[in-house]
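Here's the letter readout for the chains.
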Amino acid sequence: MTPLIYSTLIISLGIGTTLTFASTHWYLAWMGIEINTLAIIPLMTQSHSPRATEATTKYFFAQATASATLLFAATSNAFFTGSWDILQTNNPLTYTLMTLALAMKIGLAPLHSWMPEVMQGLTLLTGLILSTWQKLAPFCLIYQIQPHSPNLFMALGLLSIVAGGWGGFNQVQLRKILAYSSIAHLGWMVLILSFSPPLTLVAFSTYLMMTFSLFYSFMMTKTTHINSLSTSWAKIPTLTALTPLILLSLGGLPPLTGFLPKWMILQELTKQDLALVAVLAALFSLFSLYFYLRLSYTMTLTMPPNNPAGTLPWRLNPSHNTLPP
Amino acid sequence: RLIQMSLPNISRVPASRLLRSVRDLRWLLRSIAPLAVPRRALTQMGYRRPGQPREDKPPWWRVKFDLSKGLKGMKRHFQLLKEEFFAEFVGPMGKPIIEHMLEQNQVVWEFRGPHSLQEWTISCDREIGGKSEIYLKIGKNNETCLLYGTLCSDPPKDGETRYSGYCTMRAKQPLASFDRKKYHDWSSFNTLHLRIRGDGRPWMINIIAETYYTHQKDDMYSYFLYTRGGPYWQDVKIPFSKFFLAHRGRVQDDQHRLWLDKINAIGFTLGDKADGPFQLEIDFIGVCKDYAHTEDFAYEKYKRNPEV
Chain A
1 MTPLIYSTLI ISLGIGTTLT FASTHWYLAW MGIEINTLAI IPLMTQSHSP
51 RATEATTKYF FAQATASATL LFAATSNAFF TGSWDILQTN NPLTYTLMTL
101 ALAMKIGLAP LHSWMPEVMQ GLTLLTGLIL STWQKLAPFC LIYQIQPHSP
151 NLFMALGLLS IVAGGWGGFN QVQLRKILAY SSIAHLGWMV LILSFSPPLT
201 LVAFSTYLMM TFSLFYSFMM TKTTHINSLS TSWAKIPTLT ALTPLILLSL
251 GGLPPLTGFL PKWMILQELT KQDLALVAVL AALFSLFSLY FYLRLSYTMT
301 LTMPPNNPAG TLPWRLNPSH NTLPP
Chain B
1 RLIQMSLPNI SRVPASRLLR SVRDLRWLLR SIAPLAVPRR ALTQMGYRRP
51 GQPREDKPPW WRVKFDLSKG LKGMKRHFQL LKEEFFAEFV GPMGKPIIEH
101 MLEQNQVVWE FRGPHSLQEW TISCDREIGG KSEIYLKIGK NNETCLLYGT
151 LCSDPPKDGE TRYSGYCTMR AKQPLASFDR KKYHDWSSFN TLHLRIRGDG
201 RPWMINIIAE TYYTHQKDDM YSYFLYTRGG PYWQDVKIPF SKFFLAHRGR
251 VQDDQHRLWL DKINAIGFTL GDKADGPFQL EIDFIGVCKD YAHTEDFAYE
301 KYKRNPEV
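Protein chains in written order, with the UniProt record's numbering: chain A, 1 to 325; chain B, 1 to 308.
These are calculated hints, taken from the structure and not from any lab test. Idealized CB from N, CA, C, for every residue including glycine.
Just so you have them, the derived chain B footprint on chain A, three or more residues with Cβ under 8 Å:
1) 37-51
2) 170-181
3) 219-228
4) 297-304
So the derived label-pair ranges between C-beta atoms look like this:
5) MET303/A / LYS75/B: 42 to 48 Å
6) ARG54/B / HIS25/A: 55 to 61 Å
7) GLY94/B / ASN151/A: 37 to 43 Å
8) PRO197/A / MET74/B: 48 to 54 Å
9) MET219/A / GLN104/B: 22 to 28 Å
10) LEU208/A / TYR299/B: 37 to 43 Å
11) ALA241/A / ASN141/B: 48 to 54 Å
12) THR96/A / GLN104/B: 48 to 54 Å
13) LEU208/A / GLU83/B: 40 to 46 Å
14) PRO110/A / TYR163/B: 49 to 55 Å
15) THR257/A / ALA298/B: 43 to 49 Å
Sequences are here, hints too, so could you generate the full structure?
Given below as structure tokens:
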């Protein structure tokens, strides 16, 4: 891809999200989301492999369906309330439709089935953009919708935590594991949205930092499978020592940063007399912790046999191997 | 009185007089008139041998209903479902995680008894009216399989086919319970390892990966297999980066590497236009990880001009 086209697409991604952030009108916010979707499509199909086009097609179908539902809900809201303002979402029916549409956009359970297959077909960089940047605009809208009752968000949140944990249980493909991790974390975020929106932002920002770091670690070691992860100890020893910290932070273990949002969410839920929900969320996140621990175990705590004649990728973009000439 | 639904009769009906201007009234007589073209699209129908008349039987006419077979099938499928369910407790895809971490070699197909032959399908140009023959049997001591036969390049005299002379052996797609498709996940490996004994003929190895679109149905990734002949076994190691994309035998311009996470089947094809008997003995087909092989893809990728 030429630098001009590439930079156009990246700038369009930025413009789309910024447009949604800055808008109070549903139409403009929807347009920002559409710009985002359309800008990432060529980035996903950069390599012409059939898996990439399959992932792009599935992504497009999911996002187009969600966008159409969102636009319909916004139009219906304007019909019922007479206002296109995002903050004036008063009708329960339109509010529910909007929530479900945005849930499909970001990949919340039970509308999450597109996410692992799409992530599997992408490169790690595009997967990173999908997991982090593409969530910003829909999340901004979810944040602004005034919830009528917390039940919908709690149901979506709990289902996502379960689906994210259970789905990633027996995966060996790292991109699919990251997709399920994303689903589980989004579940935590929407769980507390009705009661304390700032906590959602805290959870989201820590999730962004941790996911970015993990994706970048996998990009540095060029690993997409648990087998190649296990032999990455010889490639970048320092990264091998630090990546478990990122993984355990994602798992929510103290004293790492990832523990903070989980702790505060559980505390807030308990304050709202929802101790059962808190217990269920904590228990189901153990599934996610299991596969994070498994990744840490394969990467750091074991040293499977590795052929030292293999290429060391830790020098910036190496083009030679270490075999003697 | 039986009303003859012919075109002139319809045109006498006052309301349909206007329809006389419609050139093709077959869509009106759809359920009554015999069809000149089949109902379903060409891609959806089974293989039609060139020169044979088209079959227009509805799908349910071809199914043979048998209660005992159905009950046995249900029992087998539920048994498979139960095994799959409990295999997930062992680890991903039924293997413990330590195996996923450490595996560097995996034998995917080996021939240790007549039951191994159930996983394979053989075919030759006899299906299109040619004269080749192909047979598959278990070799001596139940240790290998022997693919043998006779190749004949004479095209069938059906007025349509111009070229002929191929023999092929292809693995069947693994199926889970209730005939769901299963895939081979070879993403831990980067090389195909075969132990074969041939007769000096050049074969083509085809790997069929899972596709999404209907137009990709006949996509396969191929590479050459040159057999040495003679009594000695040959260990052939072909990196997956060498496989190139072909569709129905035609090599594509827009090449890309083979994705190893969803492989459906592997096949061997002989089509070297040398008429006569052939033999290929296979001990095992496996995959292995060669750490020293770092090539992603061996061929230049298609770049349009001007580049976009």
